[in-house]
Amino acid sequence: MSSDHSIETLTKAVLNNLENQHDWTQIKVHTQANLPRPIVYGLPPKRLYVHPDEQIALIKAQKDRDEPIHQTPELEWVLPLHLAEKWSPAQFAAVFDALDAVPPGGAAEAAGDTDGDNAAAYTQWKLWRNSKRGKRLLLATVQDDSTITYYIMHDGLVKPRQN
Amino acid sequence: MASPMADRQVRISRIGGRYLAFDIEDVVYIRRHHGICAILMGTMPQNPTQNIFLGLPIELYAEEARLLIDKKVAYIADEATEHLSQLKTMDPTARSAYLQSLKMQRKTAQLGLEDAKAKSKAQYQRRAQTITASSSDNPNRTKPASSGREDSLFDSQPQQPAPVAKLALPAVTPTTSNVLVASGGSSVSIQVPASYPLYRFLNTRGYYITPGLRFGGDYSVYPGDPFRFHAHYMANSYGWDEKVPMLDLVTSGRLGTAVKKSFLFGSQQPATAIAAESANPGEDVRVFCIEWAGM
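Chains A and B supply the protein sequences, listed in that same order.
Using this note's numbering, you'd call the opening residue of the first sequence number 1 and step up by one each time.
Using this note's numbering, you'd call the opening residue of the second sequence number 164 and step up by one each time.
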């Protein structure tokens, strides 16, 4: 799985799956000199990940509001992998070190979001889209029959969601 | 509470390659102050085949024993060799101190016996008095004379044998040799598994760690005492450059999500990669958490 061609097919498979099966939009391929392979990012139709502490902050903020807080989706990183591959912790660490927490274009969008609302009580839950957002990416593991499983991988200790 | 605990040295006995702690105070101390639960492994002599109700001693993992040693709050006693050498090299003062302690044990036993005797006597007298009181309420007054005679009989009896019992202290078979052992252990090197850095990393962050088999990993990691919290993570440790099959990550991630946990894997970074921040032990570990994405 190290040849350029196979990585290209892998990336294409993930791109197609995200676009056609999971209805992602704004899908782009991101290449960077210090990345071992191209990485995909895009916008899921629904918000993919809410940190458990953010959920608490949201519930608190919700109490003082009449209309529900709209959960706009966030851009997410996706790392295409094949099931037969073997990655070491060092390789995962290198990918996380090379990436920003928010994919290109996502940071400006999130920053604009907070400027609109100055009320201090509401800002706590909004921070999760900016400074509090930890580094995370989706492991898109492709199997030979083109089944793709998605797992969220966090950099560091992140407690599990209450699902 | 904090000040007497501050200089406590936990005695970890190494017996048959296992690390055991026998003192209940030690068990409480390491659980409360160092986040180490260990495993109760002592069974009941009356019913040795059951393993539901277990008591002292606790068995510490090699990681746990090593962590306590590294924190300088415990020492290892290699019991088999230390016990014999202690007995052989005993000097006269230590010997007399030990004999004195045996005598003290017998004296406390004697006091206990006397106490019990006095209590039962008092109880008997109280019962006798209530009987006389209730019978004195009776208009029919034939009993008082006889009950008075009973009292005098009872009073005279225990006074005579008491001085005889004081001369001979009861025989006591010591059940522990606590007094014999000196504090200060032998310098035993502890062989820890490769996952020790991850263990230490999690412990320094206040996590409680128990064996991970029940959730399918090396460790299950609790955000507080396991009596009060569910585990947050099931953790595995890998080498920094160890190639991990994706199937392992996927299956562990799936399993972790199924038991409402996050699958955590970590590895110690080689010294060159962290040069600057390597000063702190427990800081040289990189961890990642995996959860099912829900799509």
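If you are wondering where the hints come from, they were derived from the structure by calculation, not from laboratory data.
Cβ coordinates follow ideal geometry from the N, Cα and C atoms, glycine included.
One should not assume that every hint holds.
In the DSS-like style, the derived pairs of lysine-lysine whose C-alpha atoms are separated by at most 30 Å in a straight line are [claimed, not checked]:
#1 K46/A with K135/A
#2 K126/A with K86/A
#3 K234/B with K86/A
#4 K12/A with K251/B
#5 K270/B with K63/A
#6 K135/A with K266/B
#7 K406/B with K135/A
#8 K60/A with K28/A
#9 K270/B with K251/B
#10 K132/A with K60/A
#11 K12/A with K126/A
#12 K406/B with K28/A
#13 K159/A with K234/B
#14 K423/B with K60/A
#15 K86/A with K270/B
#16 K28/A with K132/A
#17 K126/A with K28/A
#18 K251/B with K46/A
#19 K282/B with K159/A
#20 K28/A with K46/A
#21 K60/A with K46/A
#22 K126/A with K60/A
#23 K126/A with K266/B
#24 K159/A with K270/B
#25 K266/B with K132/A
#26 K251/B with K266/B
One side only, chain A facing chain B, incomplete, derived with CB under 8 Å [claimed, not checked]:
#27 H22
#28 I59
#29 K86
#30 A90
#31 W128
#32 T141
Covered by chain A, according to a simulated footprint, are these stretches of chain B (three or more residues, beta-carbon under 8 Å) [unchecked claim]:
#33 219 to 231
#34 247 to 256
#35 422 to 433
#36 447 to 456
Hints numbered earlier in the text: which of these fail when held up against the supplied structure?
2, 3, 4, 5, 6, 8, 11, 15, 18, 19, 23, 24, 25, 28, 31, 33 and 34
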